[in-house]
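Visitor: Given next are the chains, with one letter for each unit.
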Amino acid sequence: MQLVLEKRAERSNTIALVSPLIAIGLTIVTMTVLFAILGKNPLLALHAYFIAPLTDSYSLQEIAVKATPLVMIAIGLSLCYLANAWNIGAEGQFLIGAVAGSWIAVKTQGTDAGAWVLPAMLVLAAAAGALYALIPAICKVKFGASEILTSLMLVYVADLFLDYLVRGPWRDPQGFNFPTTAEFDPVATVPLLIEGGRLHLGSIIALLVVAAAAILLGRTIKGFEIRVVGAAPRAARFGGFNANQLIILTFAVSGALAGLAGIIEVAGPVGHLQPGISPGYGFTAIIVAFLGRLNPLGILIAGLFLALTFIGGEQAQIAMKIPLDVTKVFQGILLFYVLACDSLILYRFKLVFPNRQVARGTG
Amino acid sequence: MQAHQRMLDPTPNGLHSGESPLLQTLGLTKRYGDFLANDSIDIDIWPKEIHALLGENGAGKSTLVKAIYGLIQPSAGEIRWQGQPIVLSGPSEARSRGIGMVFQHFSLFDNLTVAENVALGLDGKESFKDMSARLEQVSKTYGLPLDPKREVWQLSVGERQRIEIVRALMQDPKFLILDEPTAVLTPQEADQLFIVLERLKAEGRAILYISHKLEEVKRLCDTATILRGGKKVDTCNPRLETAASLARMMVGGEIKEVKAPAGRKTTVPRLVVNDLTLAPSEAHGVRLEHISFELKGGEILGVAGVAGNGQDELFAALSGERLSKDPGTVVIEGIAAGHLSITQRRKLGAAFVPEERLGHGTAPRMKLSENALLTGHAASGMVHRGFIDTAATLKTVDRATETFDVRKAKRDPEAASLSGGNLQKFIVGREILRNPAVLVVSQPTWGVDAGAAAVIRQALLDLATAGAAVLVTSQDLDELAEIADRIAVMFHGHLSAPLATSEATREKLGLLMGGSSLEPKEAAHAVGA
Numbered sequence: 001m002q003l004v005l006e007k008r009a010e011r012s013n014t015i016a017l018v019s020p021l022i023a024i025g026l027t028i029v030t031m032t033v034l035f036a037i038l039g040k041n042p043l044l045a046l047h048a049y050f051i052a053p054l055t056d057s058y059s060l061q062e063i064a065v066k067a068t069p070l071v072m073i074a075i076g077l078s079l080c081y082l083a084n085a086w087n088i089g090a091e092g093q094f095l096i097g098a099v100a101g102s103w104i105a106v107k108t109q110g111t112d113a114g115a116w117v118l119p120a121m122l123v124l125a126a127a128a129g130a131l132y133a134l135i136p137a138i139c140k141v142k143f144g145a146s147e148i149l150t151s152l153m154l155v156y157v158a159d160l161f162l163d164y165l166v167r168g169p170w171r172d173p174q175g176f177n178f179p180t181t182a183e184f185d186p187v188a189t190v191p192l193l194i195e196g197g198r199l200h201l202g203s204i205i206a207l208l209v210v211a212a213a214a215i216l217l218g219r220t221i222k223g224f225e226i227r228v229v230g231a232a233p234r235a236a237r238f239g240g241f242n243a244n245q246l247i248i249l250t251f252a253v254s255g256a257l258a259g260l261a262g263i264i265e266v267a268g269p270v271g272h273l274q275p276g277i278s279p280g281y282g283f284t285a286i287i288v289a290f291l292g293r294l295n296p297l298g299i300l301i302a303g304l305f306l307a308l309t310f311i312g313g314e315q316a317q318i319a320m321k322i323p324l325d326v327t328k329v330f331q332g333i334l335l336f337y338v339l340a341c342d343s344l345i346l347y348r349f350k351l352v353f354p355n356r357q358v359a360r361g362t363g
Numbered sequence: 001m002q003a004h005q006r007m008l009d010p011t012p013n014g015l016h017s018g019e020s021p022l023l024q025t026l027g028l029t030k031r032y033g034d035f036l037a038n039d040s041i042d043i044d045i046w047p048k049e050i051h052a053l054l055g056e057n058g059a060g061k062s063t064l065v066k067a068i069y070g071l072i073q074p075s076a077g078e079i080r081w082q083g084q085p086i087v088l089s090g091p092s093e094a095r096s097r098g099i100g101m102v103f104q105h106f107s108l109f110d111n112l113t114v115a116e117n118v119a120l121g122l123d124g125k126e127s128f129k130d131m132s133a134r135l136e137q138v139s140k141t142y143g144l145p146l147d148p149k150r151e152v153w154q155l156s157v158g159e160r161q162r163i164e165i166v167r168a169l170m171q172d173p174k175f176l177i178l179d180e181p182t183a184v185l186t187p188q189e190a191d192q193l194f195i196v197l198e199r200l201k202a203e204g205r206a207i208l209y210i211s212h213k214l215e216e217v218k219r220l221c222d223t224a225t226i227l228r229g230g231k232k233v234d235t236c237n238p239r240l241e242t243a244a245s246l247a248r249m250m251v252g253g254e255i256k257e258v259k260a261p262a263g264r265k266t267t268v269p270r271l272v273v274n275d276l277t278l279a280p281s282e283a284h285g286v287r288l289e290h291i292s293f294e295l296k297g298g299e300i301l302g303v304a305g306v307a308g309n310g311q312d313e314l315f316a317a318l319s320g321e322r323l324s325k326d327p328g329t330v331v332i333e334g335i336a337a338g339h340l341s342i343t344q345r346r347k348l349g350a351a352f353v354p355e356e357r358l359g360h361g362t363a364p365r366m367k368l369s370e371n372a373l374l375t376g377h378a379a380s381g382m383v384h385r386g387f388i389d390t391a392a393t394l395k396t397v398d399r400a401t402e403t404f405d406v407r408k409a410k411r412d413p414e415a416a417s418l419s420g421g422n423l424q425k426f427i428v429g430r431e432i433l434r435n436p437a438v439l440v441v442s443q444p445t446w447g448v449d450a451g452a453a454a455v456i457r458q459a460l461l462d463l464a465t466a467g468a469a470v471l472v473t474s475q476d477l478d479e480l481a482e483i484a485d486r487i488a489v490m491f492h493g494h495l496s497a498p499l500a501t502s503e504a505t506r507e508k509l510g511l512l513m514g515g516s517s518l519e520p521k522e523a524a525h526a527v528g529a
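Taken in order, these protein sequences are the chains called P and Y. Under the numbering used here, think of the first position of the first sequence as 1, with each following residue one higher. Under the numbering used here, think of the first position of the second sequence as 1, with each following residue one higher.
For the record, the hints were derived by calculation from the structure and aren't laboratory data. All clues given are correct.
Computed from the model, here is a short list of chain Y residues facing chain P with C-beta under 8 Å:
(1) Ser341
(2) Gly361
(3) Thr362
(4) Ile388
PhoX-like mimics (lysine-lysine), calculated; alpha carbons at most 25 Å apart, straight line:
(5) Lys350(P) x Lys66(Y)
(6) Lys125(Y) x Lys174(Y)
(7) Lys222(P) x Lys395(Y)
(8) Lys367(Y) x Lys7(P)
(9) Lys347(Y) x Lys325(Y)
(10) Lys222(P) x Lys142(P)
(11) Lys140(Y) x Lys125(Y)
(12) Lys347(Y) x Lys222(P)
(13) Lys7(P) x Lys410(Y)
(14) Lys7(P) x Lys231(Y)
(15) Lys367(Y) x Lys222(P)
(16) Lys142(P) x Lys325(Y)
(17) Lys7(P) x Lys408(Y)
(18) Lys48(Y) x Lys174(Y)
Across the chosen pairs, the derived CB separations fall in these ranges:
(19) Thr390(Y) x Ser146(P): 32 to 38 Å
(20) Pro280(Y) x Leu149(P): 26 to 32 Å
(21) Trp153(Y) x Ser146(P): 22 to 28 Å
(22) Asp42(Y) x Leu149(P): 56 to 62 Å
(23) Val196(Y) x Thr220(P): 52 to 58 Å
(24) Arg239(Y) x Asn84(P): 50 to 56 Å
(25) Val196(Y) x Phe143(P): 48 to 54 Å
(26) Pro261(Y) x Gln245(P): 42 to 48 Å
(27) Asp326(Y) x Tyr156(P): 43 to 49 Å
(28) Gln2(P) x Arg239(Y): 39 to 45 Å
(29) Phe143(P) x His290(Y): 32 to 38 Å
(30) Arg407(Y) x Ser343(P): 26 to 32 Å
Model, not experiment: these values are computed from the prediction. Note that beta-carbon positions come from the ideal geometry of N, C-alpha and C, so glycine has one too.
All chains, full assembly: derive it from the sequences and hints.
Guide: Take a look at the structure:
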């Protein structure tokens, strides 16, 4: 008896929908084993991860807050990935957006600058993120440099640049030498949706981004171009669509969204610029994009789910002393299973019995 | 009876009665989901037999052959080899038992030598030197000359096929499967191949010969098994049948004759190519050399030639997938268009049908309506202010379906789910419904069933009658003879002067396809790019 992968005659739309769920199921099984090996009660650990955060309003809001950057970045990344452009550097674009937006906040600090500050910060952050993403895109189009490597390497450049700013020129003079800017003024802060809560305007922007992406991909010729270039490059060229132009476009949009997410995070939940503003949103968003099947609605759901693992990870650390890094292990395993299960969309498992005689009539 | 058969050893000579076939399938069935690709097929293949496997595209020929070669596992039924039931774990087991196969699409590495390519395909443990020596010997024995040290990219398509055949023969197969081997050969090269096949047969080997060229099958094959819709229709002696009766069995009905409508008049030049020279875009591509022709409305120009002589490059240059620096090299409807993009050329009234249906002409995993949009977005009112008019794209699908009899499971399926013939009808239909002034079409009926081919050829004739200029590139000389007014031949990036179809005999075309000139003096036969 032998287990073989057999190509399906047609792609299975059912599996396309179910495959992320299978992946989540397999991840949970693997995590159960992992928790047992760590000597923790798997049931309690899973409860801390997946159930506890859903039981109080604070955690629920926190999930939405964490999901906001994840969803915004993942939407941008999904456009890239659909067009076969591999932007791995959203983390860097996120940081550069945060830095660029913060520049206005820092420069207007303590002045009587008006309501224009926050919109200007958002616009500048998006522009900076887009420009930063264009570096690997242009290197790819002009010189054929692998955008995977260049975009990834630029993450560290952005990280160190931010570090330099908050330790040097932008450091808060009253900050006891901590590497951070001063707390942003109210006009430079993303407003909260609920007084005294955590939910902020950024979540609404993320929802608008999801809706815009759904319309772009489903209804417009540009979205169609993006999908064809990725799915069948030669057919796209035959259709008259310029792959290089689309690499530039999707990288720019994805960089803009990452940059926007960056400034919203800084001017929202964090409140000032400091190192470590991102627990790896730019990388986790890659998982979100794939878990959400590169589909805007799917990404929204996947973003909420991965945000849950962040919150759950914190709770598990507090309640059960499970190291926070286990969350990253969890996310890594999840991506692995998502990609593995995707092969089931085009293939299926089949048992083959090499020595089975098939009963047949006289012939 | 079955037990009895199993006991007997096959003997290569003599009559069939009382012996067991070399290879036999009993009730072989292959199921993909609800779809029966092969439905209980019984086929007997005897030693010293050239057995034709006939059928339209999607009839189940490839599925059957893949099962026999161990590439797929049958869902039910069995395969017997020399009377014994066998289960093939994969092609290497098939090869070790003595089953060889030459695929239609070669699997060769361009940058490796002939010997290296053969070595990669063999499972044996002999040294490279011994293998090379044996390669030379086998190729000499069978009159398939090959230089083991040449790199594949320098070789013609016919020579590449020889590598595949020699590679299969080096395993000393008792049974050889050939999938449409003459599709890529000149008539003269095909004759050479037939001599080799006759010889293999005389040595006691069996050959399963997949083809849709019925005259060829009648000439070469001893037996023909006809498949239709996954089922076996009949096994017969093709020499006792007519091409028409074989075609009827394949199609399950009469095939419509293609008729050139009366009253076709040529009008103004609609596609003019002036001294088009274009360097290859890829390492081993073909350079287009000083190509010039003029194509009037109402006229069909055929471009013959062995694949890989620049037809793909010419298509790319005409369609605008590759641009020319000099706008005047390609003139569409009187407008210099050499520098214009494919979208701009479409707006001038040109339409294009590439050779590859899946991946070039269509995005395989996208719906037909989306594939209608692929070429229709430029000039067919499918896009308003950047938004897609889904109703308009669906309407194109419906019109193409109706006009060209596209058969599909649902209204708007994925392109890849259609059979080759139906997808090709859709693609040709998609372009013709735009009423193009110029249609450039490459291999319009390649791998398409006879019924669909007739529909497509008729559509091209009707389009020319309506006043369009049509350029057809094809390796099928019969097809060009049927629809073209003039035929030119591509060889090494050169295009010969067109001959009137009435004067273009197979011999003349064959000579041009092989690189000889029609003048008495010998033309240099330069090999390579």
